[in-house]
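**Student:** First to last, the protein sequences are chains A and B.
Once you know that position 15 of the first sequence is 15 in the numbering used here, the rest is easy, because the numbers rise by one and skip nothing.
For the numbering used here, count along the second sequence from 1 and bump the result up by 1000.
Quick caveat, the hints were computed from the structure, so don't treat them as lab data.
Hints are supplied without guarantee of correctness; some may be wrong.
Just the calculated beta-carbon pair ranges, DEER-fashion [unchecked claim]:
#1 B:V1498 x A:F293: 55 to 63 Å
#2 A:R52 x B:D1110: 50 to 58 Å
#3 B:S1435 x A:L29: 41 to 49 Å
#4 B:A1302 x A:D41: 28 to 36 Å
#5 B:L1039 x A:L29: 17 to 25 Å
#6 B:V1498 x A:R52: 53 to 61 Å
#7 B:T1255 x A:R27: 47 to 55 Å
#8 B:A1302 x A:V62: 50 to 58 Å
#9 B:D1477 x A:D41: 37 to 45 Å
#10 A:A140 x B:E1408: 43 to 51 Å
#11 B:S1182 x A:D206: 36 to 44 Å
No residue lacks a Cβ here, since even glycine has one placed at the ideal position from N, Cα and C.
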Amino acid sequence: MSGVLRRLATGVAGILFSTIAIFLLLRALPGDVATARLGTDATPEALAELRREYGFDRPLVVQYFDWLADAARGDLGRSLLSGTSVTDDVLDRLDVTLPLIAASTALSIVVASAVGRRTALQRRHRRTVATMTLTQLGLAVPTFVVAIVLIMLFAVRLNVLPAGGFPVDGWSAIGASLRSLVLPTAALAASQTAMLARFARSSALDFASSDAFRTARAAGRSRHAALLSGRRLVVAPVLTVASLQVATLVTGAVVVESVFALPGLGSMLVRDIANRDYPKVQSVLLVVVLMVFALRAVVNFANDRLDPRRSE
Amino acid sequence: MIARKNIVAVVVAALGIGAIATACAPAENADTITLGFTLEPVSLDISGTAGQAIPQVLLDNVYEGLVRVDDEGGIVPALAESYDVSDDGLTYNFALRDAKFHDGQPLVADDVVWSLSRMLDDKSTAVLPTQLAQFARVESVTADGSGRVQLTLSERDNDLLYNLTQRGGVIFKKDTANFATSANGTGPFVLAKWDKGSSITLERFDGYWGRRADTQTVVFRYFTDAAALSNALLAGDIDVMTTVQSPESLSAYETRDDLRVQSGSTNCEVTLGMNNSRAPFNDVRVRTAVRQALDKDALIDAAWAGYGTRIGSFVPPTDPWFEDLTDIAPYDPATARELLADAGVAPGTEVTLDVPPINYATNSSEFIAAALSEVGLSVEITPVSWEEWLDRVFTKADYDLTIVCHIERNDMAIYANPDYYFRFDNAEYQGLISSAASAADSDARNENLRKAARLLSEQSASDWLWLIPNLQVAARDVTGVPRNSVGDSYYAARLERV
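Kindly generate the complete structure, drawing on both the sequences and the hints.
**Tutor:** Below is the structure:
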């Protein structure tokens, strides 16, 4: 019980710290939303008036706590430029980003675990060497290069999948939606899979040199079967790393969404930051932080179940 | 063995998704034309939010003014059937057409009075300061009850008709409150859907007063990444790439027989800004030396694949007061060196060149630095973000040299403002610009602007590197693609698949 409380306290402290960092970092950027809205030839008086309307003339501390109080009540505010509700905008964009991140995470965990187990069993086989070289390559090649190669091959040359975009009707056009996410998912999963495969392999190798493995072998199980008996222990570290990587995936999504012209959370953030739409950006970032913390909690819980030793 | 099964399962799943995907491939729709752009509007508020992306999609397509700019840059009637101007230039009379708004309400004179009166409250933050300034000479907007509207001016304003064609001249339904997320206009297209981050869909308005749009649906699709835009065109996802960001990539399209490259004119003068208030560029000899050190033809070849037009001052060839001034300060490094010596600039004097992150600037910065070092100026290239550029270079004029494209039409007045980042302060120039604005007829105004352009070039207030061409790539079966980009709108009503 105290473990749960400790985790909860760390989580809350982490989130509070994030809000302060987000709030201050955004305001340290040069330029502001008043200039973005009124244009570069706006008079200083007009800019000052608009800033006053936006409430930017109030002390930072007041602005910060107002934001926090609103957010705590579930009110994420409105975009200063489009006037739309941030909650609506975020939900709208999660339609694309959530499936994208979930699918590529799932894909990379499944493929990486399989690759890890196989390569651990056949240490010196040339297929293993080839696979591990491939993972090295997967780590080295940047996501946008993978994305462009996939587009050139499947969209431009073979013309079997769209080069980018997401259907205007969203998920009600399910076939078109799935089609439009195939290449982005593959591109986003590529480096993730490569990295997780290396973790899965070393985790499988660890297990293969453990007493449990030797005992299973001694009981007459095949190497495959013996390794499978420890699959929970092999998967747990992979899950942990994958959960740590989710924040990175959001960054990766920025790149992938841009290359594939997807209306996702990442591309929205980049644009709003460029326009200095602070109230919106800080609320969106807060949502991302909350999602990452929530996911960590879920993975921690899952790991507790996978590896009973942890919860003792 | 299970491991192998896992891999097989993944492959099967992937193939399954692929099969669904292929089965649902959308058929090409003959009634829909899709255009690719790079900049998406941040809001639909055409009169209150800056940025060219808003008028590009909304002006003349969804919203209309009393008058409109056609593709050649001429002013033609729109919501006004006709208009007349009094001899003293102080009274404009517009006769309105029988037009309808998209919500079905008829256009009445009160709508025009309400819309244009918004431009007259100079304290308003709901309207862009640029628009307020454009209508500063308008005293009143009144209706006489017979479908006519009268604008009364405090002094003559030769730019008024043009300004009425732009975003400030848009006519809204009286008492419109939501500008940011909806648009009730009178134009040939209804705003059907804004899929934020992705596209804006326009549908033909069947109640349009004039010739209806040639295509049922036009989609403006937005790509933050230029490569994504290009790939979408190559894959056939879009019909027109409305802007070619890197001309060196044109060869990829020229070899395709289903695509054609189209080149037109723009108002975008790539300008090498020199800080006229800071040594050594406060000396006209130094500024002229910089211009004479640069071989523009070679620069255009190097930076823009040879597609640009040389200009000798701050005027595009489509303006009536254009005059070829490329013989002022021609390429001549020897003279440049002498001028620098005369001005007492020691060889190796260090200056910085602030380069914003856009390809015409980054593509030409190395060339410029090399050419200037040939004549004895040591140039340090400093890449800057747009935010820093706006703050430090544009607003505070804390810079030596910079490169940026000035796209506004009819923008010679920026050099008449001594606080503008060029810091060019010349009483004679300011006099010419103000005489042009109040000249009795267009000939007199053109004459003043012609003189001003020449003076600007003789004073080497900046250097003008080249005029950006309006390069587009379109599917061969699509016609009606606007050639030039001289107004703020991208007129989509004549687009058609043949």
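**Student:** It remains to establish, for every hint, whether it holds in the given structure.
**Tutor:** Hints, one by one, checked against the model:
1. Checked against the hint of 55 to 63 Å, the pair B:V1498 and A:F293 passes, with Cβ atoms roughly 56 Å apart.
2. At roughly 32 Å, the beta-carbon separation of A:R52 and B:D1110 lies outside the given 50 to 58 Å, and the hint is violated.
3. About 43 Å separates the C-beta atoms of B:S1435 and A:L29, a value consistent with the hinted range of 41 to 49 Å.
4. The hint said 28 to 36 Å for the Cβ distance between B:A1302 and A:D41, and at roughly 32 Å that hint holds.
5. In this structure the supplied range 17 to 25 Å holds for B:L1039 paired with A:L29, their Cβ-Cβ distance being about 20 Å.
6. Range check, B:V1498 to A:R52: about 54 Å between beta-carbon atoms, so the 53 to 61 Å window is met.
7. Here the CB-CB span from B:T1255 to A:R27 is close to 50 Å, well matched to the stated 47 to 55 Å.
8. Between B:A1302 and A:V62 the CB atoms are about 53 Å apart, so this pair conforms to the stated range of 50 to 58 Å.
9. Between B:D1477 and A:D41 the beta carbons are some 41 Å apart, a value that agrees with the proposed interval 37 to 45 Å.
10. At about 46 Å, the beta-carbon gap between A:A140 and B:E1408 stays in the expected band of 43 to 51 Å.
11. Taking the beta carbon of each, B:S1182 and A:D206 are about 60 Å apart, not inside 36 to 44 Å as hinted.
Consistency with the previously given hints fails for numbers 2, 11, ordered from lowest to highest.
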